[in-house]
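*Asks:* This is what each chain is made of:
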Amino acid sequence: MELVIDTHGLSKSYKQVNALKPLSLQVPKNSIFGFLGPNGAGKTTTIKLLLGLIRPTSGSASIFGLDMARNSVAIRARVGYLPQDPRFYEHMTARQILDYTAHFFFKGPADEIAKRVAETLELVGLPDKADRPIKGFSGGERQRLGIAQAQVNYPDLLILDEPAASLDPMGRRDVLEVMERLRKYTTVFYCTHILDDVQRVSDTVAILNHGELVAYGPIEDLLAAGEGLAYEVALEGDVESAYQRVASQPWVTGIKAKPRNGSTHWIVAVADGEAAKAQLLRLLLADEALVVTDFHRKERELEDVFIRIVEGGQHGSGQ
Amino acid sequence: MAVGNSAMILETGAGWTRGLNNVLRAEFGRWFRSRMWWIQILIWTTMLNGFLLVVVFSTPDEAREVGPMIFSALLGIGGPIGVSIIMQDVLAGEKRSGTAAWVLSKPLSRAAFVVAKLVANVVGVAVTMVLVPGVISYLIMTFVAHVDLPLAGYAAALGVHLVNLLFYLTVTLMLGAIFNSSAVVIGIPLAFLFFQQWLPNLWAPLAKVIPFSLTMPTGDAESSSIATALMAGVRPETFLPLIATLAASVVFVAVALWGFQRQEL
Numbered sequence: 000m001e002l003v004i005d006t007h008g009l010s011k012s013y014k015q016v017n018a019l020k021p022l023s024l025q026v027p028k029n030s031i032f033g034f035l036g037p038n039g040a041g042k043t044t045t046i047k048l049l050l051g052l053i054r055p056t057s058g059s060a061s062i063f064g065l066d067m068a069r070n071s072v073a074i075r076a077r078v079g080y081l082p083q084d085p086r087f088y089e090h091m092t093a094r095q096i097l098d099y100t101a102h103f104f105f106k107g108p109a110d111e112i113a114k115r116v117a118e119t120l121e122l123v124g125l126p127d128k129a130d131r132p133i134k135g136f137s138g139g140e141r142q143r144l145g146i147a148q149a150q151v152n153y154p155d156l157l158i159l160d161e162p163a164a165s166l167d168p169m170g171r172r173d174v175l176e177v178m179e180r181l182r183k184y185t186t187v188f189y190c191t192h193i194l195d196d197v198q199r200v201s202d203t204v205a206i207l208n209h210g211e212l213v214a215y216g217p218i219e220d221l222l223a224a225g226e227g228l229a230y231e232v233a234l235e236g237d238v239e240s241a242y243q244r245v246a247s248q249p250w251v252t253g254i255k256a257k258p259r260n261g262s263t264h265w266i267v268a269v270a271d272g273e274a275a276k277a278q279l280l281r282l283l284l285a286d287e288a289l290v291v292t293d294f295h296r297k298e299r300e301l302e303d304v305f306i307r308i309v310e311g312g313q314h315g316s317g318q
Numbered sequence: 000m001a002v003g004n005s006a007m008i009l010e011t012g013a014g015w016t017r018g019l020n021n022v023l024r025a026e027f028g029r030w031f032r033s034r035m036w037w038i039q040i041l042i043w044t045t046m047l048n049g050f051l052l053v054v055v056f057s058t059p060d061e062a063r064e065v066g067p068m069i070f071s072a073l074l075g076i077g078g079p080i081g082v083s084i085i086m087q088d089v090l091a092g093e094k095r096s097g098t099a100a101w102v103l104s105k106p107l108s109r110a111a112f113v114v115a116k117l118v119a120n121v122v123g124v125a126v127t128m129v130l131v132p133g134v135i136s137y138l139i140m141t142f143v144a145h146v147d148l149p150l151a152g153y154a155a156a157l158g159v160h161l162v163n164l165l166f167y168l169t170v171t172l173m174l175g176a177i178f179n180s181s182a183v184v185i186g187i188p189l190a191f192l193f194f195q196q197w198l199p200n201l202w203a204p205l206a207k208v209i210p211f212s213l214t215m216p217t218g219d220a221e222s223s224s225i226a227t228a229l230m231a232g233v234r235p236e237t238f239l240p241l242i243a244t245l246a247a248s249v250v251f252v253a254v255a256l257w258g259f260q261r262q263e264l
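Those protein sequences? They're chains S and Z, same order as listed.
Each residue of the first sequence is one higher than the one before, starting from 0 at the first, in numbering that gives the first Met the number 0.
Each residue of the second sequence is one higher than the one before, starting from 0 at the first, in numbering that gives the first Met the number 0.
Calculated directly from the structure, the hints in this document are not laboratory data.
Remember, predicted model here, so these are calculated numbers, not experimental data.
Worth double-checking, as some hints may not be accurate.
Said to hold, decoys possible - Covered stretches of chain Z (chain S as the covering partner; in silico rule of three or more C-beta atoms under 8 Å from a C-beta of chain S):
{"#": "1", "segment": "25–37"}
{"#": "2", "segment": "99–113"}
{"#": "3", "segment": "139–147"}
As the list claims (entries may be wrong) - Keeping only pairs whose Cα atoms sit at most 27 Å apart, straight-line, the calculated DSS-like set for lysine-lysine is:
{"#": "4", "chain 1": "S", "residue 1": "K257", "chain 2": "S", "residue 2": "K297"}
{"#": "5", "chain 1": "Z", "residue 1": "K207", "chain 2": "S", "residue 2": "K134"}
{"#": "6", "chain 1": "S", "residue 1": "K14", "chain 2": "Z", "residue 2": "K207"}
{"#": "7", "chain 1": "S", "residue 1": "K20", "chain 2": "Z", "residue 2": "K94"}
{"#": "8", "chain 1": "S", "residue 1": "K114", "chain 2": "S", "residue 2": "K134"}
{"#": "9", "chain 1": "S", "residue 1": "K297", "chain 2": "S", "residue 2": "K276"}
{"#": "10", "chain 1": "S", "residue 1": "K28", "chain 2": "S", "residue 2": "K14"}
{"#": "11", "chain 1": "S", "residue 1": "K114", "chain 2": "S", "residue 2": "K14"}
{"#": "12", "chain 1": "S", "residue 1": "K255", "chain 2": "S", "residue 2": "K297"}
Glycine included, each C-beta is placed from N, C-alpha and C at the ideal position.
So here's chain S without its partners, still in its complex pose:
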């Protein structure tokens, strides 16, 4: 597996505060890597370390096989970066910002650069605001410009710090589409609080908490690990005897019941998936006093996993 980012014990401390505890992380080529964690977990610190904007207290990292400390400029030549709170020169227009950015990567010719700038403005939906000073831009427009400048150089690695922040639902959808489209050509390493987005597009996820890596691995593994299987059931009628019957099965580890819209909603946690698949629905249907209005295997949400890990203080890697 070809790695784009490879860190070994990378850490950062400020006086008495460990902003990032030794972090060892591998980001495979062409992956969409979701980097999650609550505020102050160390996500932005990690990104700044990778970009050479701050210096590590210990550890090392390589990007594209190049040492982060010795080859920072060469690394940045292949990276596109969207900061969490994008700040640009207020007196410049969006077109000037993109032209300025592009000239760090390309010598010319000027008309080709201008063409690329126009293409990027189009991609983020800013062509009609291209020649207005940024001073008057809304938060969402700045974010779109931030996304544009991050990809104007066709980066091999796109580092996005909260790419969907300040965007409306359509803007958020556009960003996710752009990320999925770019996967073929580039590796995307991004931080976000919007866990639905991560679940939708990411293939690998890392969760930081208090500067420490607490979970890390392919998203399916992370979703599958931990609490085991569960089924969601909606029932109408007298559920008492069915409850006793289901709860007494050796493969049932627990039932959470709550009323919802005139019916009873159960989450049945099971230890043996095969037994549950074969018997659970039959057990329920055997009771003629009951009507089963819904029955499905519970899909685990990343949000549940995230909250359980972060609030539960789980440590260690999922990989």
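Knowing the structure of chain S, use the given hints to seat chain Z on it.
*Replies:* Here is chain Z on its own, set in the frame of chain S:
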């Protein structure tokens, strides 16, 4: 890097000059492709040349002595204040606002970033605060006050003024590279500007090296600053303050480069 079907040519430069031309282009643009250049010219010509005109018309007989002295004193005091105000946000402001972190996430060396800021601002200050008001001043003295000033000496005096401003420009740049606080970045140069004339009281040899004597007389009533002596076509007693000020500016630039390299953005 995958550049698709694009015919763009990749920038492949390495070393400290990587990104220099691009930042220089943007910094010169900030000075000369915006309103900044003519606003600065308006401020300095109004202040320096306007005052000179008042002196020339009110005391025409004393214009030969007073004219160059007034011009030198105003530029010698007002110039450093203007330079410190212009430079206070150049590095410190960009660090605070986050634009420095954004630009330096691109393939650009930190040295190139600092050098581009230095060069563009030196040229901007030289044109708007020294060259244009200086030329207008020469024309006023020659054609309005009918005072015959030696051109070479006058040009040299403008050079001395530029060295004086370079001192404040580089010290502000250095402080901006190291500190984030505007109060520190602008306060220290201005405090030095106003209190340096008393430094020789602490240690007399300082009188020979402080930039004060470049533009302001430091001795008795008969003495003159290096700039006014040159304007009058007289060889100054010493060039030591000029050399010391230039040397200090070089040190300030070196410290700015070193300090900014270590900054966490």
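*Asks:* Against each hint, give a clear statement of whether it holds in the structure.
*Replies:* Verification of the hints:
1. 25–37: Holds, because 3 residues of the segment 25–37 of chain Z bring their Cβ atoms closer than 8 Å to Cβ atoms of chain S.
2. 99–113: With 8 residues in contact (Cβ-Cβ under 8 Å with chain S), the coverage given for the segment 99–113 of chain Z holds.
3. 139–147: violated (count 0)
4. K257/S - K297/S: holds (16 Å)
5. K207/Z - K134/S: It is violated: about 48 Å lies between the C-alpha atoms, which goes past 27 Å.
6. K14/S - K207/Z: violated (43 Å)
7. K20/S - K94/Z: holds (25 Å)
8. K114/S - K134/S: At roughly 24 Å apart (the allowed maximum being 27 Å), K134/S and K114/S satisfy the hint.
9. K297/S - K276/S: Roughly 12 Å between the alpha carbons, so the hint for K297/S and K276/S holds.
10. K28/S - K14/S: violated (35 Å)
11. K114/S - K14/S: violated (48 Å)
12. K255/S - K297/S: holds (13 Å)
Going through the hint list in order, the structure does not satisfy hints 3, 5, 6, 10, 11.
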